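Chains A and B are the protein sequences, given in the same order. Throughout, the working numbering is defined as the position within the first sequence, counted from one, plus 114. Throughout, the working numbering is defined as the position within the second sequence, counted from one, plus 114.
Calculated directly from the structure, the hints in this document are not laboratory data. Because the structure is a prediction, the values reported are computed rather than measured. Note that CB positions come from ideal geometry on N, CA and C, so glycine has one too. A portion of the hints provided could be inaccurate.
[Stated by the list, open to error] The following label-pair restraints were derived from C-beta to C-beta distances:
(1) A:Ala-148 <-> B:Ile-289: 27 to 33 Å
(2) B:Ala-247 <-> A:Trp-172: 15 to 21 Å
(3) B:Asn-218 <-> A:Phe-162: 31 to 37 Å
2 protein chains.
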Amino acid sequence: VAKLPKKTDFPVSQVRRYLEPGPIVLVSSKWQGATNIMTLGWHTVLAFSPSLIGLMIWSGNHSHLMIRESRECVVNVPTTALTDTVVGIGNTTGAEIDKFSHFNLTTQHAHEVEAPLIGECHASFECRLHDDALVERYNFFIFEVVKAHVAASPKHPETLHYTGDGVFMVSGKVISRRSQFRPEMLD
Amino acid sequence: VAKLPKKTDFPVSQVRRYLEPGPIVLVSSKWQGATNIMTLGWHTVLAFSPSLIGLMIWSGNHSHLMIRESRECVVNVPTTALTDTVVGIGNTTGAEIDKFSHFNLTTQHAHEVEAPLIGECHASFECRLHDDALVERYNFFIFEVVKAHVAASPKHPETLHYTGDGVFMVSGKVISRRSQFRPEMLD
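Build out the structure end to end from the sequences listed, making use of the hints.
What follows is the structure, encoded as structure tokens:
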């Protein structure tokens with residue numbers, strides 16, 4: 115059983131810290147009493163304030179309708195400790211199994227949305243649908259992050275970055291070039 | 115002087131291999147005879163075929179108008195060998211300097227667009243504007259990758275993943291879980 119990182123409040127305007135590096139995320143949802151989880155690698159940060167992110171959620175995913183109808187989700191960032199769980203979630207469907215119970219994951223109550231946080235993940239971002247203008251054409255949802263929860267330690271956990279074909283790249287090593295930045299470029 | 119990786123044709127439907135992991139990219143552009151380069155971390159894959167990607171290009175960037183008007187760009191993937199160049203490009207503006215000459219970068223002719231490839235980058239994707247529906251509201255450009263060039267070696271180069279605040283995560287280490295995937299989930 116994976117440990118539950120102790121997550122605390124984190125500024126929503128700074129979620130780029132965890133999402134801009136491009137990790138695979140686990141998106142949890144809840145609709146009509148049922149929960150679900152999907153893996154997602156097609157996402158981007160869009161704005162600091164309001165804190166906007168864009169997610170491409172394919173219409174063939176069981177989560178698509180649940181998120182479209184509930185207009186909410188939670189974006190959770192897993193570390194390499196959850197690699198096999200990430201692979202399992204990506205290779206099963208919520209139409210057939212209850213992913214939280216099947217993968218022994220812990221639901222935690224969110225503050226602003228009905229969808230649960232995934233307790234085992236390093237960071238969890240509660241999201242409310244902000245703009246559905248491109249959902250019909252591209253399955254592209256623009257969400258506002260309305261509440262963020264992050265574990266303080268480790269500061270730079272190893273995350274998974276999917277390349278397709280069953281292969282992940284791992285990031286965790288850090289390079290700082292802070293001294294070479296113009297002050298107004300830092301945040 | 116950095117070496118020029120030998121890039122060859124790569125299927126446009128597979129660019130997710132290099133972009134889904136979420137690296138910092140260098141976006142080159144050309145408009146009214148001038149070229150420019152910007153760093154970009156806010157991007158996502160949107161579709162395999164046509165090969166669509168979304169880029170959030172802030173309107174304050176000198177490149178914004180050039181790309182908006184020319185309706186083209188090249189998305190180049192640098193490796194850690196170019197870390198200082200990436201930082202330099204991100205901390206200067208094309209309004210004041212010619213980035214190709216200032217940073218000693220090599221322009222290479224693209225096949226389908228006017229904007230040049232960056233010779234020193236590991237991969238270069240020629241892009242044509244596909245949909246500008248969200249440019250006004252979110253500075254979000256949807257491009258079609260119309261031609262892709264990738265160096266065959268190394269297979270998994272070290273790439274930079276920006277976290278903000280002058281700090282990059284590095285990925286390069288690889289984990290394969292191919293045997294745990296359902297065949298139809300592989301590509």
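A quick look at each hint next to the structure:
| no. | hint | result |
| --- | --- | --- |
| 1 | A:Ala-148 <-> B:Ile-289: 27 to 33 Å | holds, 31 Å |
| 2 | B:Ala-247 <-> A:Trp-172: 15 to 21 Å | holds, 19 Å |
| 3 | B:Asn-218 <-> A:Phe-162: 31 to 37 Å | holds, 33 Å |
Figure legend: structure checked against the earlier numbered hints; every hint is met.
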